[in-house]
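> In order, the protein sequence lines correspond to chains Z and V. Using the numbering used here, the first residue of the first sequence is number -1, and each one after it goes up by one. Using the numbering used here, the first residue of the second sequence is number 5, and each one after it goes up by one.
Just so you know, the hints here were simulated from the structure itself, not pulled from any lab data. Hints should not be assumed to be uniformly reliable.
[To be verified] Listed next, the stretches of chain V that the computed footprint assigns to chain Z, with coverage defined by at least 3 CB atoms under 8 Å from CB atoms of chain Z:
1. 32 to 46
2. 204 to 213
3. 216 to 229
4. 270 to 279
Ideal Cβ positions, reconstructed from N, Cα and C, are used throughout, including at glycine.
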Amino acid sequence: MISSDVWKYFFDEYKHIIVAFILILMMPLAIPIPTATEMIIYGLYAMGFNIALGFTGMLSFGHAAFFGLGTYGAAIALRYFNSSVWTAILAGAVLAALGAFFIGALCVKKRGVYFALLIAAFGQMFYFLALSPLKHITGGEDGLKEIPILSIEFPFFIDLAKPFPLFLFTFFIVAVSVLLMHRFLNSPFGALMQGIRENETRLQACGYSVLFIKIIAFTVSGLFSGLAGALSTVYLGYGNLGSLYWLTSGRGVVMTLLGGMNSFFGPFLGAGIFIYFEDTISVMTARWEVFVGTMVILLILAFPDGILGTLEKRFRKTRKAETSIAQAIGNR
Amino acid sequence: MFGIPLNILLMQAILGLALGAVFVLLASGLSMIYGLMDVVNFAHGAYYMLGAYAVYTMSLFTGNFGLNIALSVIIVAGLGALTEITVLRPLYKRRNPLYPLLLTFGLSLAIPDVIKIFYGLMGKAVQYPEMFMGSFSVGTVIIPKYRMFVIVITFTVLIGLWLFLKKSNLGMFLRAATRDKEIVDVLGINVAGIMTLGFTIGIALAALGGSVAAPMVAVEPDMGVAMIMQSFVVTVVGGLGSLGGAIVGGIIIGEIVSFTSLFAGAYADVAIYFAMAVILLIRPRGLFGEIGRE
């Protein structure tokens, strides 16, 4: 018999996540299913990106490299090795994590804009390698096509060619990832990462290897970004060259800051909003970028800490005010 | 070298220098804006593109190429000043350089689309000015006149910029504000105005780059998107916030593109990012970056 305290603890710790999952599962009622699928894929990407930016304080302009490695890792596994979808997704994520590990190990000593642009240089290098020198493998500009129609055989049959099963499958992977990320960020190691963000020198003085923590954080960030990339291969049915282009990195930064980099689900919300507007407006007019661009500008001016970040802050402030009033009354 | 005659190599070097000159113009503007206001200007490529479109538009009305370039630069720089005052300025007090970055990213999405609405998706051709058509030769080396013109005008402008920064009072304020805005403010100088000026000069340089590049490249709405990453590479290789660094970086990257296209065309774009990674890993601040600005 589990005591009610444990349940209360469990509920307190996970209530935000449970609410978020319920909201995500309700999305297909209001939003076209393919758009909803894309929204949660990019949500995962932005949250993965935010492990580096929001939780460790490392800004990267090159996460397209990891998203793209995930995309191509999965696409190559599916196209050339006839692997199952599970293996392909795993392959994409592992490839991205390896890429993030090696690039991270080379670059984490750099700071600020230099770090950000150095990662971007690697991303662009991969993009141009995939564009022409490695054309015979990657398919060049057209992307990696001729991937067989996808379905899941194990543990039970799911036809991924249909939108709703695809959405549920994507949601399953995203949900597991979100839970893992939550666990990771709330672990002692996650606390060390946030320590680096707050005061790197002090952490070093405490005897921790800052470089090691940064490399691992960056690898985990790349892993989840790559996982999102692999899911995008499954979603699109081919490996998309655009996944490696620097605009993918830029979109990651925009989504994260739009939603709020100081909040766990902020990047997810930002990604959802960005993709929703992109998909909806691009159906109405080919000139969607002018609307999305303007919207980004207006949202930045209106929400200093990102949408969710600003809301959380305001909410916390009012709650703090209430508690202090309650305390004042209690003390009297 | 590799069985290619010397005169071809020299010619390739001059083509590389002309390409490098355009990079130099973009990178010195980027570097100046970053140095002064800590803004990584993602919209720089968009202003480069606007410069090219402005020259195209002007060329429909007048045939005077020099006048066209001058007017384009003034118009686009004016737009730059307007952007800075209306949307960038409110973000400075947040003291987080990520928000200006994000804002310029929004601009870099929106501006090319506005151009698509007015000019369509098709590329536009800008004619070479008659004066600089064709080429001349020095010995056996054939030099296209227009490329030479681009090289000369770039370095004239840069010398002018250098004189302005080093010798004029306003230039001194600009350099001082790059170091310490608070002290400059305390001395009673209008820092907000200085920032607008710096941003405007940066944008003017980008517009100049776009307008001189217009006859050499296809003028199309997305020309800046491809250019922006390369300009970042140049800026970072040279060292952020350093004018001399932007010049050396621009020439290096221009020559790398030029020569890899000669020997291994497919690797031209890979090569510049590879060069950047190598240079940064060896010299973390770029070639001429200041200590403490990394």
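> With reference to the structure, classify each hint as holding or not holding.
Hint check results:
Residues of the stretch 32 to 46 of chain V with a Cβ under 8 Å from some Cβ of chain Z number 3, which satisfies the need for three, so the listed coverage holds. Counting residues of the stretch 204 to 213 of chain V whose beta carbon lies closer than 8 Å to any beta carbon of chain Z gives 0, which falls short of the minimum of three for the stated coverage. Residues of the stretch 216 to 229 of chain V with a Cβ under 8 Å from some Cβ of chain Z number 1, which does not satisfy the need for three, so the listed coverage is violated. Coverage of a stretch by a chain is defined here by at least three residues with a beta carbon nearer than 8 Å to that chain's beta carbons; for the stretch 270 to 279 of chain V and chain Z the count is 6, and the condition holds.
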